[in-house]
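**Q** Chain residues, written in single-letter form:
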Amino acid sequence: MADESVKPIVMPKWGLSMSEGKLTGWLKTAGDKIAVGEQIVEVETDKIAGVVEASDAGVLRRTIGEVDAVYPVKALIGVIADASVPDSEIDAYVASYVTPAADEEEEEEKSAYAFVDTPVGSIRYAKRGERGDAVVLVHGFGGDLDNWLFNIDALAAKTTVYALDLPGHGQSTKAIPENGLLGLAKGLLGFMDALDVERAHLVGHSMGGAVSMLAALEAPQRVQSLTLIDSAGLGSEINADYLAGFVSASSRRELKPVVEQLFADPKLVSRQLLEDLLRYKRLDGVEAALSTISSQFQADGKQRTVLGPELKGFDGPILVIWGEDDRVIPAAHANALAGAKTEIISGVGHMAQMEKASRVNELVLAHLGV
Amino acid sequence: MARKISMKQAINEALDLEMKRDPTVIVMGEDIVGGAGAPGEEDAWGGVLGVTKGLHAKYPGRLLDTPLSESAYIGAAIGAATCGMRPVAELMFLDFSGVCFDQILNQAAKFKYMFGGKAKTPVVIRAMVGAGFRAAAQHSQMLTPVFTHIPGLKVVCPSNAYDAKGLLIQAIRDDDPVIFCEHKNLYGHETDVPAEAYAIPFGEASVVREGKDVTIVSYGLTVQRALEAAEKLAKDRIQAEVIDLRTLSPIDWDTVVESVESTGRLVVVDEANPRCSIATDVAARVAQEAFNALKAAPQMVTAPHAPVPFSPVLEDLYIPTADAIAKAASKIASHAIAA
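Just so you know, the sequences run in chain order A and B.
Taken in order, the first sequence gives residues 1 to 370; the numbers are from my numbering.
Taken in order, the second sequence gives residues 1 to 339; the numbers are from my numbering.
These are computed hints drawn from the structure, not numbers from a lab.
Misleading hints may appear alongside valid ones.
Derived Cβ-Cβ restraints for the label pairs, each shown as a range [claimed, not checked]: (1) A:70 x B:102: 45 to 55 angstroms; (2) A:122 x B:79: 38 to 48 angstroms; (3) A:324 x B:297: 44 to 54 angstroms; (4) B:297 x A:299: 48 to 58 angstroms.
Computed cross-link-like contacts, BS3-like style, restricted to lysine-lysine with a CA-CA straight-line distance of at most 25 angstroms [as the list claims (entries may be wrong)]: (5) B:4 x A:281; (6) B:235 x A:74; (7) A:13 x B:4; (8) A:127 x B:4; (9) A:13 x A:74; (10) B:232 x B:212; (11) B:232 x B:327; (12) B:20 x A:174; (13) A:47 x B:235; (14) A:158 x A:74; (15) A:22 x B:232; (16) A:158 x A:7; (17) A:22 x B:235; (18) A:47 x B:232.
Just so it is clear, the structure is predicted and the values come from calculations on it, not from any experiment.
Think of the CB as a built atom: it goes at the ideal place given N, C-alpha and C, for glycine as much as any other residue.
I would like the entire structure built from these sequences, with the hints used as guidance.
**A** What follows is the structure in structure tokens.
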């Protein structure tokens, strides 16, 4: 039986601070058949460029959003419906669509950024969702909690998600704990203590993956499962030029080619993404913090912490996700852990959770069993 | 943690953080505490527009009210700098540099070179620039080109609160004399500014808006007007790239030339008078470096070659407006859209 309902395509909300987005191009034209997960329209936010994927199947009946125009979050930019739905019904739907006001939600989200004092210093974090298991998202070297902007809301629909800025990163303390990545792992457990999170699923990206594994080995009873995305700690190879370039770049022109290595599609690196990174890198103490972490993390172009092939002492479930075109840590490391589920995503670089967010979210939710 | 504050607060915060970090940082100027000879009061006014308010109470003895003699206290600040202090001298209006120009031109700018690199002069001279304040011809000039002309000086002119804080911190940490130009009509302008200390390196322009059809280069207040112009142009489907030079000496030629190489069109906006200005400097350099990329003659939008008028109506016409900038850009870019 044909589905008679009209499904809106709306301006998405990617991350805590997004209030509007610019439509930069349609990848489909009106009349095209659409399958769930197909890429429909390109959107650029003040953080990053991305692609809206179809959450419903049908025919793209209307492309309402104009290229280069800016729309508020949840504004109607297109309509999907079955071919059998009459045009008049679609027109009526479009005419009566009201963009939900963002005000109330915005207030709530501003307070979603918070700070907590931990044994390693002040840590900034975001908390989303109120149900189910706790999930902690741990970003990589030079990143911050906004690296999860495409994931945090999707995961929060079924879990309670915490995303933090590790020490030396984002708006957390710029003092680096002793003992390298193990110090960061203990810092992560201290963060969980401070928020009374007894047990959590850890989702770590890049260096955050190694930090998550070390936390799981340090306190296995507190880690329900591990998800490792383009993770460090699974082999010795690493693109040392990337790390050195990221630490030393002080201008937009120096930083751009470095950051482009993170993505399979370098066009995703927007002006604002670079500006935000530069603003972070200019803060007093950040350069020293990054140099310290970098030297603890790798030496002579090799990762210093290689875990596996078994995580002895941790027997919870492990999912490993990798972007096939990762230019920072090779995708071959995905098979390093015996007994882990492995998923390689094609057409994606080091920032798999940003470049193919919907797939990563789906995999993580399935792994968590929620 | 970032929050919105005004450019005036951002400058105060930069001074506060650097005075806290480095005991050699001192502040000198007219009325910055409460008037020469006064003991200083906890709630002193803090300069003619209150930029240094609150600092006297926090750092007693390190803010010095000076007599009304610019050549004396600018000279004293420069001398203190050569002897190991990091003074920030507030010249109030850059127009007053006339009476202390020898100290800046022949002393501060020359020491490093005339003493074989052995002398350093880490002095910052902060001063208000620009028109639109109804303060007449002697308190409204944009004299940035005069100082940019002099080797040995660094010249900074921020367009917003975030840049003002990071550039002033860099200016204080810099070992060369820096002329720090604050547009008085931007003091109330608010942007997101982190509470922590951060330094923005000199010689790095900021691309404040990306576009493919025309490059608009400016600094100071007129960056905000260029952004307004870019909004207007976008409605006519002209995508303007807006570059904020931030520092005029050193200047980031690479960012400007690269941008013009991709857009093929240049509009330079300068609130200074048109002859021998930042506008002529940028236009000439682009003509030399990117001649083959140019699809149209570079356009300059500047103040007229006349003193700033006291009549408010004329003064408003004097500063480059968003409309004038948009018009200059459309003139060279509109045919690109038709094609």
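**Q** For each hint, tell me whether it holds in the structure or not.
**A** Hint by hint, here is what the structure shows:
The beta-carbon spacing between residue 70 of chain A and residue 102 of chain B, approximately 53 angstroms, falls within the hinted interval of 45 to 55 angstroms. Roughly 42 angstroms separates the CB atoms of residue 122 of chain A and residue 79 of chain B, a value that falls within the hinted 38 to 48 angstroms. Roughly 49 angstroms separates the CB atoms of residue 324 of chain A and residue 297 of chain B, a value that falls within the hinted 44 to 54 angstroms. Take residue 297 of chain B and residue 299 of chain A: their Cβ atoms lie about 55 angstroms apart, and the range 48 to 58 angstroms holds.
Taking the CA atoms of residue 4 of chain B and residue 281 of chain A, the gap is about 20 angstroms. The hint holds against a cut of 25 angstroms. Only pairs whose Cα atoms come within 25 angstroms are accepted, and residue 235 of chain B paired with residue 74 of chain A is accepted, the gap being roughly 23 angstroms. The straight-line distance between the Cα atoms of residue 13 of chain A and residue 4 of chain B is roughly 23 angstroms, inside the 25 angstroms bound, and the hint therefore holds. Between residue 127 of chain A and residue 4 of chain B the alpha-carbon distance is near 23 angstroms, which keeps this suggested pair within the 25 angstroms criterion.
For the proposed pair residue 13 of chain A and residue 74 of chain A, the alpha carbon gap of about 7 angstroms is at most 25 angstroms, so the pair holds. At roughly 15 angstroms between alpha-carbon atoms, residue 232 of chain B and residue 212 of chain B fall within 25 angstroms of each other, so this suggested pair holds. A C-alpha spacing of about 10 angstroms is found between residue 232 of chain B and residue 327 of chain B, which places the hinted pair at or below 25 angstroms, so the restraint holds. A distance of roughly 18 angstroms separates the Cα atoms of residue 20 of chain B and residue 174 of chain A; the hinted pair therefore holds under the 25 angstroms criterion.
For a cut-off of 25 angstroms, the pair hint linking residue 47 of chain A to residue 235 of chain B stands: about 23 angstroms separates their Cα positions. Taken as a hint, the residue 158 of chain A and residue 74 of chain A pair is honoured in the structure, with Cα atoms around 21 angstroms apart against an allowance of 25 angstroms. As the CA atoms of residue 22 of chain A and residue 232 of chain B are separated by approximately 17 angstroms, the hinted pair is consistent with the 25 angstroms bound. With a CA separation close to 23 angstroms, the supplied pair residue 158 of chain A and residue 7 of chain A stays within the 25 angstroms bound.
As the CA atoms of residue 22 of chain A and residue 235 of chain B are separated by approximately 14 angstroms, the hinted pair is consistent with the 25 angstroms bound. Among the hinted pairs, residue 47 of chain A with residue 232 of chain B is consistent with the structure: their alpha-carbon atoms are about 23 angstroms apart, no more than 25 angstroms.
Going through the hint list in order, the structure satisfies each hint without exception.
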